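Student: Residue strings, one per chain:
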Amino acid sequence: MSSALNRLLKNKLAIFGLAMISLFATAAVFAPFIAPHPPDKQFFEGLTLEGAPLAPNKTFWLGTDLLGRSLFSRLLHGARTSLIIGIAANGAAVFIGAFLGIVAGYLQGLPGTAIMRFTDLMMAFPALLLAIALAAIFRPSLWIVALVIALVNWVQVARVIYSQTVALAAQEYIEAARSIGAAWPRILFIHIVPHLWPTLLVWGTLGISTTVLLEATLSFLGVGVRPPTPSWGGIIYESQSYFLDAPWLVFFPGTAILLLSLAFNLVGDALRDVLDPTQRGRG
Amino acid sequence: MLIFLAQRLGQSVIILIGVTLITFGLAFLMPADPVRMLAGRSATQATVESIRKELGLDQPLPVQYLKYLGRLAQGDLGRSYKQKTQVSELILSRLPATLLLMAGTIFFELLIGLPAGILAATKRGRFADNGIMALSFVGVSIPQFVLGLLLLYVFAHILPIFPLGGYGTLNHLLLPALTLGISGGGWYSRMMRSSMVDVLRQDFIRTARSKGLSELTVVLVHALRNAILPVIAMVGLDIGIFMAGAVVVESVYGWPGIGQLAWQAIQMVDIPIIMGVTLVAAIGIVLGNLLADLVIPFIDPRVYLR
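Each protein sequence line maps, in turn, to chains P and V. Under the working numbering, think of the first position of the first sequence as 1, with each following residue one higher. Under the working numbering, think of the first position of the second sequence as 1, with each following residue one higher.
Any given hint could turn out to be false.
[Unchecked claim] Okay, the calculated bits of chain P under chain V, using three or more residues with CB under 8 Å as the criterion: (1) 123 to 132; (2) 244 to 252.
[As the list claims (entries may be wrong)] Quick partial rundown of chain V residues pointing at chain P, CB under 10 Å, derived from the structure: (3) Gln11; (4) His222; (5) Met243; (6) Ile274.
Don't read these hints as lab results, they were simulated from the structure. This structure is a prediction, so every number in the text was calculated from the model and none was measured. Note that beta-carbon positions come from the ideal geometry of N, C-alpha and C, so glycine has one too.
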């Protein structure tokens, strides 16, 4: 594990990703202290005399939005939304996927087939349409959006974990363990699950990238986190009709989404390289 | 072959029935009462009840579901609550636009992804490889709506080359297709690269090289034929991802396809449309999978149908 960490730290793109994640995490945690203005305060001087938003200037570093609120402050608080949903939703998705994948792969037979046919069914669903429909059913709060994303995103984790569990359960050392009388919890948690950790870690990182994008997309379509909670996708949704005159309202939140999603992608990909033994020595 | 086809078709039908169960369940869970929305605020109780009866919403759920299935079998997707037209007609009128966008998207993602992946694989570990792989990450990490809006801003506003959205000419298609093509191209370049790297490591490539063939012939003639298969198969598996992109990009560019239809329907809680679009998209996904399964053995005789 420590050698894996060393190799991870040799990857420049992964370092860049880790730095980005730390930056965003700091911004999210300390948002109220860093932000120069309260995120929801509508400044009278934040709009031009005609009522248009201000371009980036000395008082409002990244400009203001259509209601005269400080975009920089809203972006900082938006980092909270993105990270909380990214981590919670993806954590839940990986947990559900891992649970169902392990159960299906270990039990096989009827329960296994039933679970895997259900994942086939979920694969046939356009994920975004399903998420939109679910988000329209439950009036979305922060946690509901996280739940919706988890309900859509667990499927691929389940498939990967299922095939790995099936392969592991067929190994001779499992048979040997069973023949000396090891009980199923022991076989499962001591002999099988530890081998799944690398995969779960990789999905736990890469999946955050997908989740951040999905949250932004749902908010952009108007079925994500409700205002006034700042969300990067939501900021773009609110200013979409005005963006030709105020491109910074799309450009800055867009860059934030890109950087955060990119960071988790880079780190996840580097993790896969160092954790997957079959990839060792390949490029 | 025929047995395989029959089996796969059977599986597909079962999956589609499962899809109808879920879409039906989702529609039932929708909090807004469609009858109230249809009747309007001032409607009397009697009007509400008569509309409910007319729509068949007063019957028990299993009966409603079976009736829904029966109508589906006849190609009847129901009537839009809001627009008072047949959902199947609405979808059919919107489908060509989405299919056109799909063709454009596939064109751009392959045009970007395949050459980039091949180049990266042949320059493995070097600057071109690292650069392409970093760019491919940017491509898959940028939200499609941000990319769409930025392209609009630069190529339709600052430099007014393309229209600001709409539908009709090739110029209208270019930006939306490019938006989806860039994010798809990122994935394709990664897949093309890893597939190519695997093939270039094989013995017949060493043989080809030792015969004295030029590197260009080795890569483009000998290796590419083998490496491109799994990548091409992905086009069939990609329809679900495309549909998600279509919802976003169609709403950014005002492209009158079924993605936009679905989005508008969600805003108005027009349940039959949501169910219909989801079902059509699911059919597309299932067909795409089936197609991928069927096409691969034709390109690669080593794969037998089981």
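Student: Hints first: check each against the structure and report whether it holds.
Tutor: Quick rundown of the hints versus the structure:
1. 123 to 132: The restraint on the stretch 123 to 132 of chain P holds, since 9 of its residues have a Cβ under 8 Å from chain V and three suffice.
2. 244 to 252: Contact hint for the stretch 244 to 252 of chain P vs chain V: holds, 4 residues under 8 Å.
3. Gln11: Hint on glutamine 11(V): holds, closest Cβ of chain P at ~8 Å, below 10 Å.
4. His222: violated, 21 Å
5. Met243: holds, 4 Å
6. Ile274: Hint holds; isoleucine 274(V) Cβ to chain P Cβ min 6 Å, cut 10 Å.
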